[in-house]
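Protein chains in written order, with numbering that gives the first Met the number 0: chain B, 0 to 478; chain X, 0 to 428; chain W, 0 to 155.
It should be emphasised that the hints constitute simulated quantities derived from the structure, not laboratory data.
All C-beta atoms, glycine included, are put in the ideal place defined by N, C-alpha and C.
You may find that some hints are simply not true.
Straight-line distance between alpha carbons at most 20 Å, and here's what the computed EDC-like set of lysine to aspartate or glutamate pairs gives [unchecked claim]:
#1 Lys-11/W x Glu-181/X
#2 Lys-148/X x Asp-43/W
#3 Lys-128/B x Asp-392/X
#4 Lys-11/W x Asp-138/X
#5 Lys-163/B x Asp-43/W
#6 Lys-9/W x Asp-392/X
#7 Lys-85/B x Glu-380/X
#8 Lys-163/B x Glu-181/X
#9 Lys-11/W x Glu-139/X
#10 Lys-85/B x Asp-392/X
#11 Lys-79/B x Glu-380/X
#12 Lys-9/W x Glu-380/X
Here are some chain X residues the structure puts well away from chain B; computed CB gaps all over 12 Å [claimed, not checked]:
#13 Thr-1
#14 Gly-26
#15 Asp-40
#16 Gly-114
#17 Arg-183
#18 Arg-188
#19 Arg-190
#20 Pro-191
#21 Glu-225
#22 Gly-257
#23 Val-261
#24 Pro-307
#25 Ala-377
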Amino acid sequence: MPRLTIDGREIEAKAGQTVMEAAREHGIFIPYFCWHPQLSVPGNCRICVVGVDDKGGEWVDIACNMPVSEGMVVHTNSEKVRARRKATMQFITLNHPVDCGICDKAGECTLQDYHYEYNGERSVSVDAKVHATKHHDLSERIVLDNERCIQCTRCVRFTREVSKSNGLGMISRADHSLVRAAEDGSFGRDPYSDNVIDICPVGALLSRSFLHKARVWYLKPTASVCPGCSRGCTVNLWHRRPEWRLKAPGMRTANESIDRVTPLENPAVNGPWICNKGRDLAALLGRARAEVAMLKGRPAELQGAIARARALVASARRPVAVVSSWASNEELAAFKASLGARFATFVKADCQPEPGEVVEDALLIRADKNPNTAGARALFGDAPLAIPPDADLVLVWGEGLDFGLIPPGAAIIHLNAWLAPENGHADVFFPVSIQTERDGHYTNFAGVTSAFAKCFPKAAGVADAAALFPALAGAGGGE
Amino acid sequence: MTGRKLIMNFEVTPTSHTLAEYKARGGYATLGKALKMAPADITKEVTASGLLGHGGAAFPVGRKWGVMKPNPGEIHYLCANADEGEPGTFKDRWILENAPHLLVESMLITSYALGVRHAFVYIRGEFDLPYRRIQGAIDEAYAAGLLGKPVPGTDFALDIVVYRGAGSYVCGEASGLITSIEGRKPYPRNRPPRLTVRGLFQKPTVINNVESLANITGIIRMGAEEFRKVGTAKSPGTQLVSISGHIAKPGVYEVEYGYPWVKFLDEDCGGMLHGAKLKCVVPGGISTKVLTRAEIEPLTLCHESVNPAGSGLGSGGMIAIAEGTCMVRFLQVLLRFYHHESCGQCTPCREGMGWMHKIIDRIVAGKGVPEDIERLYAISEANDGTTICGMGDAAGYATVGILNKYRDEFEYWIANGRSKLDGRLECRA
Amino acid sequence: MKHLIPDFEKMKERFPAGFESSLVLPCLHRIQADRGFVADEDIDGLVAYLGVPRVQVEEVLSYYTMLRREGIGRTHLQVCRNIACSMRGAEGVIEHACKRLGVKPGETTADGQFTLSTVECLGSCGTAPVMMVNDAYHENMTLAELDRLIEELRQP
Numbered sequence: 000m001p002r003l004t005i006d007g008r009e010i011e012a013k014a015g016q017t018v019m020e021a022a023r024e025h026g027i028f029i030p031y032f033c034w035h036p037q038l039s040v041p042g043n044c045r046i047c048v049v050g051v052d053d054k055g056g057e058w059v060d061i062a063c064n065m066p067v068s069e070g071m072v073v074h075t076n077s078e079k080v081r082a083r084r085k086a087t088m089q090f091i092t093l094n095h096p097v098d099c100g101i102c103d104k105a106g107e108c109t110l111q112d113y114h115y116e117y118n119g120e121r122s123v124s125v126d127a128k129v130h131a132t133k134h135h136d137l138s139e140r141i142v143l144d145n146e147r148c149i150q151c152t153r154c155v156r157f158t159r160e161v162s163k164s165n166g167l168g169m170i171s172r173a174d175h176s177l178v179r180a181a182e183d184g185s186f187g188r189d190p191y192s193d194n195v196i197d198i199c200p201v202g203a204l205l206s207r208s209f210l211h212k213a214r215v216w217y218l219k220p221t222a223s224v225c226p227g228c229s230r231g232c233t234v235n236l237w238h239r240r241p242e243w244r245l246k247a248p249g250m251r252t253a254n255e256s257i258d259r260v261t262p263l264e265n266p267a268v269n270g271p272w273i274c275n276k277g278r279d280l281a282a283l284l285g286r287a288r289a290e291v292a293m294l295k296g297r298p299a300e301l302q303g304a305i306a307r308a309r310a311l312v313a314s315a316r317r318p319v320a321v322v323s324s325w326a327s328n329e330e331l332a333a334f335k336a337s338l339g340a341r342f343a344t345f346v347k348a349d350c351q352p353e354p355g356e357v358v359e360d361a362l363l364i365r366a367d368k369n370p371n372t373a374g375a376r377a378l379f380g381d382a383p384l385a386i387p388p389d390a391d392l393v394l395v396w397g398e399g400l401d402f403g404l405i406p407p408g409a410a411i412i413h414l415n416a417w418l419a420p421e422n423g424h425a426d427v428f429f430p431v432s433i434q435t436e437r438d439g440h441y442t443n444f445a446g447v448t449s450a451f452a453k454c455f456p457k458a459a460g461v462a463d464a465a466a467l468f469p470a471l472a473g474a475g476g477g478e
Numbered sequence: 000m001t002g003r004k005l006i007m008n009f010e011v012t013p014t015s016h017t018l019a020e021y022k023a024r025g026g027y028a029t030l031g032k033a034l035k036m037a038p039a040d041i042t043k044e045v046t047a048s049g050l051l052g053h054g055g056a057a058f059p060v061g062r063k064w065g066v067m068k069p070n071p072g073e074i075h076y077l078c079a080n081a082d083e084g085e086p087g088t089f090k091d092r093w094i095l096e097n098a099p100h101l102l103v104e105s106m107l108i109t110s111y112a113l114g115v116r117h118a119f120v121y122i123r124g125e126f127d128l129p130y131r132r133i134q135g136a137i138d139e140a141y142a143a144g145l146l147g148k149p150v151p152g153t154d155f156a157l158d159i160v161v162y163r164g165a166g167s168y169v170c171g172e173a174s175g176l177i178t179s180i181e182g183r184k185p186y187p188r189n190r191p192p193r194l195t196v197r198g199l200f201q202k203p204t205v206i207n208n209v210e211s212l213a214n215i216t217g218i219i220r221m222g223a224e225e226f227r228k229v230g231t232a233k234s235p236g237t238q239l240v241s242i243s244g245h246i247a248k249p250g251v252y253e254v255e256y257g258y259p260w261v262k263f264l265d266e267d268c269g270g271m272l273h274g275a276k277l278k279c280v281v282p283g284g285i286s287t288k289v290l291t292r293a294e295i296e297p298l299t300l301c302h303e304s305v306n307p308a309g310s311g312l313g314s315g316g317m318i319a320i321a322e323g324t325c326m327v328r329f330l331q332v333l334l335r336f337y338h339h340e341s342c343g344q345c346t347p348c349r350e351g352m353g354w355m356h357k358i359i360d361r362i363v364a365g366k367g368v369p370e371d372i373e374r375l376y377a378i379s380e381a382n383d384g385t386t387i388c389g390m391g392d393a394a395g396y397a398t399v400g401i402l403n404k405y406r407d408e409f410e411y412w413i414a415n416g417r418s419k420l421d422g423r424l425e426c427r428a
Numbered sequence: 000m001k002h003l004i005p006d007f008e009k010m011k012e013r014f015p016a017g018f019e020s021s022l023v024l025p026c027l028h029r030i031q032a033d034r035g036f037v038a039d040e041d042i043d044g045l046v047a048y049l050g051v052p053r054v055q056v057e058e059v060l061s062y063y064t065m066l067r068r069e070g071i072g073r074t075h076l077q078v079c080r081n082i083a084c085s086m087r088g089a090e091g092v093i094e095h096a097c098k099r100l101g102v103k104p105g106e107t108t109a110d111g112q113f114t115l116s117t118v119e120c121l122g123s124c125g126t127a128p129v130m131m132v133n134d135a136y137h138e139n140m141t142l143a144e145l146d147r148l149i150e151e152l153r154q155p
């Protein structure tokens, strides 16, 4: 275990570590553009220089490729290091357009931050900048601004080393090198392509769906869990900050929409990545909602529907429940506590793979397209779904059940968040909230439980399943 | 005469490069001697010879080899660097065209010493005749049973692939060369690790310049002690100097280390073209700093004499520059080249080369500003030791070397919008 | 490209096993020698043959100056313009060639006969200026020799 000194602090590093890794592990910050903890070390940006004391004085080299050694004395902020960083920042901004005013990355841009931290001077160049493609369609999802690109190659390495699509390359040479997508379209098919937007340290790679949609400082992230498959990747859902709400009439959708989704780094589940399906949660969760309770297809007051359902529960002799694998652990526990003893309960898959969707791969994507199958099975077992023919009440929670499986004579209580034809076939229908309208937890396929938090209020007629079940069990039902 | 000869020691004829004539000169006899030695003893002999690399950096060949331990079963590679691309340098071409079997024999001996089963000759793509000559020699060696299967009486076998580049200066840098052989863009690699630890396809690899390798046969034949009698104590042996520019008799000369520089130019190379006066000389490829006539007057051609003068013998690519040559235009050509050849991988070189090229073009266009000179210095300094390979440094050395000595020509052009010297690069009669 | 596979197989023999990726450059040289340039379908064929990512081949093609993805004139004149050649009259040779052919460097004559290029150091500084005519070096180039060559190479 080599012991070394960084900025006067003695630390114990692990053998084989680089100075960059050892410093980070001990909370000492060294700036970097091209380095990334999950990618190979190209050492091309040269901003991570540190000074090392030597007999001949201080020598300066990049920390990301510098092995630690016993007794090493490292400086991250010496005069030499500062001068070198400043010169490097001059190079990096030499051909960068500095068009932050129209750049989506502004506000969360590493180049901006480092400019203030390590340079702070305008360009000393009097020559014209190199012009390159300002708007290049890298794929249907991603737009590239080659002028902003600082050629750190993080995106290229991501497709080589993580997603393994080999979708991107760096063509040509010198200061006219360009990031380009492989001509075989492999980048367009890469289900993880959007991660390159996050790891781009500048505003070169932009999401088409987020392009010029909002300044990032108007948004705030809420921690959530992607319900797209049983991996349960933790994500940040970005939506408008309350203090920056748009006040014009008819702006509710703009104020209460998910503007973008980014990974919430989580070593236990997804590392720093998510797949493109997770990026599209706004569409997945933005489907048309059921917002009114119904009795045999006719709109009803929520209280009236509860009373009717409670009566059905109370009178049933053979009640069966088919619970949702999109329900949170809290909701599932509420069902079990209130109605679990009365109902024979099965867990169902609410969602199946869509045509064209990647079903399963070696990185993150799982074949089970439901976030909480494991949480539901932990409470209700994994018996295959088989509704007995003599069932006289079936409670269907969530989508995905073929109503043809329900015995003809049985009454139906149905809970669903989305508009669907089946909703009207139930004796009692309850519109229920989705994960962005409440707090909760999902347990992923490997047994790791992650939390999601409420982003928006639910609509007035929508019920929370966790509150609904005790109400259905009341007055003669349940226990 | 430029001293004793170790490589250019035979008469070049239309057939002197063939296997038959090489053998008639005693060729491949040293291989037999080497194969009777222990591999480690060959490395010892090369280390004892004090042979310095001829690619430009003059790194001791034995020390590079010493890192490789020829453990049986472990894969090692050898690459001969024949990507001769440093402007002013064309001496390896002489070996490839005229003594290809000397290189093949040397590579056999080296591979035996280092436990190499597969070796490569990386040759620049533009070299057509040199390619055909080395490929021809290798084909002859295969046919003669020297390559491809165990050399008779031993279990040592070697395959040599001639790998052709396709137009790129950085392939001459050892790690760029290796990345090129791996079939990718020739991005140079950061050190550590050294290539002798993790090189071609992550296996320990020795990359030696063609001329460095060509010396191995001689060293093993005559022994380190005899070899050291040639040249000087600190620069043993000879150097192939390729001289061009405004010189009466350009070409490749084998010069024994320690030979007087001015004598070489004035007598052996026939003096300057059209009887002009020498303004300055690029000692060893454009990346070494120019030295004036007065500076080289007391110097001899060996590392210990040239290095203290603030330059180096580099790749042996000498360019003689006559009085009247415009050094602003001279630097413009060099900076255009460095910009053209920057691979674009690391920031200081990618951005710096283009920037310097723009500045010098603007000066030549009559739109220079006084700060340009300081800016060229600053960009050079910001490339010194900061890049992945040595190219950024090299461009800076060339620039600083010229600015230090001919600053007045730059100031004149910036102030007056025209050259102090007609903007000429040619030397007129 | 498929008809070149026997050639590729022959090249492969002297390489160590597992060096498929290394064959990218030699195969591209061979394809270009055959067709005059590397066509999209050649890339597809090579990618299938070697099992390397297509983007790798695209990067290589875009990087090296000697490789091209489009055809050029029947005769490729490449004049070195680096320092040793410029010191011996290369700039005059280039200017003269432009005038004689009516093209700028990088262009092809209207009849498709000549493509003129300027290149960096060809390692022929001692016999400067140097010009390549297709693969062959023509050294100690003079304006008269250039005129003679162009006449000789011009086909009716």
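To see whether the hints hold, each was checked on the structure:
The straight-line distance between the Cα atoms of Lys-11/W and Glu-181/X is roughly 14 Å, inside the 20 Å bound, and the hint therefore holds. Annotation: proposed proximity of Lys-148/X to Asp-43/W is violated, straight-line Cα distance about 35 Å (limit 20 Å). About 23 Å separates the Cα atoms of Lys-128/B and Asp-392/X, which puts this hinted pair outside 20 Å; it is violated. A threshold of 20 Å between alpha carbons decides the hint, and for Lys-11/W with Asp-138/X the separation of about 15 Å falls inside it, so the pair holds.
Distance check on the hinted pair: Lys-163/B and Asp-43/W sit about 19 Å apart at the alpha-carbon level, within 20 Å; holds. Taking the CA atoms of Lys-9/W and Asp-392/X, the gap is about 41 Å. The hint is violated against a cut of 20 Å. About 13 Å separates the Cα atoms of Lys-85/B and Glu-380/X, which keeps this hinted pair within 20 Å; it holds. The hinted pair formed by Lys-163/B and Glu-181/X meets the criterion: a straight-line CA distance of about 19 Å does not exceed 20 Å.
For the hint pairing Lys-11/W with Glu-139/X, the CA-to-CA distance comes to about 19 Å; that is within 20 Å, so the pair holds. Taking the CA atoms of Lys-85/B and Asp-392/X, the gap is near 18 Å; set against the 20 Å cutoff, the hint holds. About 12 Å separates the Cα atoms of Lys-79/B and Glu-380/X, which keeps this hinted pair within 20 Å; it holds. Distance check on the hinted pair: Lys-9/W and Glu-380/X sit about 49 Å apart at the alpha-carbon level, beyond 20 Å; violated.
Every C-beta of chain B lies more than 12 Å from that of Thr-1/X, the closest at about 37 Å, which supports listing it as non-interface. The Cβ of Gly-26/X lies farther than 12 Å from every Cβ of chain B, with a closest approach of about 41 Å, so its non-interface assignment holds. Distance check on Asp-40/X: its Cβ is at least 33 Å (rounded) from any Cβ of chain B, clearing the 12 Å threshold; non-interface status holds. With a least beta-carbon separation of about 26 Å from chain B, Gly-114/X lies farther than 12 Å from that chain, consistent with its non-interface assignment.
For Arg-183/X, the shortest C-beta to C-beta distance to chain B comes to about 10 Å, within the 12 Å cut-off, and the non-interface label is violated. Distance to chain B contradicts Arg-188/X as a non-interface residue, since its nearest Cβ pair spans about 9 Å, not more than 12 Å. A Cβ of chain B approaches the Cβ of Arg-190/X within 12 Å, the least distance being about 8 Å, so the stated non-interface status is violated. Its beta-carbon lying about 6 Å from the closest one in chain B, Pro-191/X breaks the requirement of being farther than 12 Å from that chain.
In this structure Glu-225/X is separated from chain B by more than 12 Å, as the shortest Cβ-Cβ distance comes to about 37 Å. Non-interface status of Gly-257/X relative to chain B is upheld: no Cβ of that chain comes within 12 Å, the nearest being about 30 Å off. At roughly 35 Å, the least C-beta separation between Val-261/X and chain B is larger than 12 Å, which holds for a residue marked as non-interface. The beta carbon of Pro-307/X is kept farther than 12 Å from every beta carbon of chain B, the shortest such distance being approximately 18 Å.
Listed as outside the interface, Ala-377/X is inconsistent with that label: its C-beta sits roughly 7 Å from the nearest C-beta of chain B, within the 12 Å cut-off.
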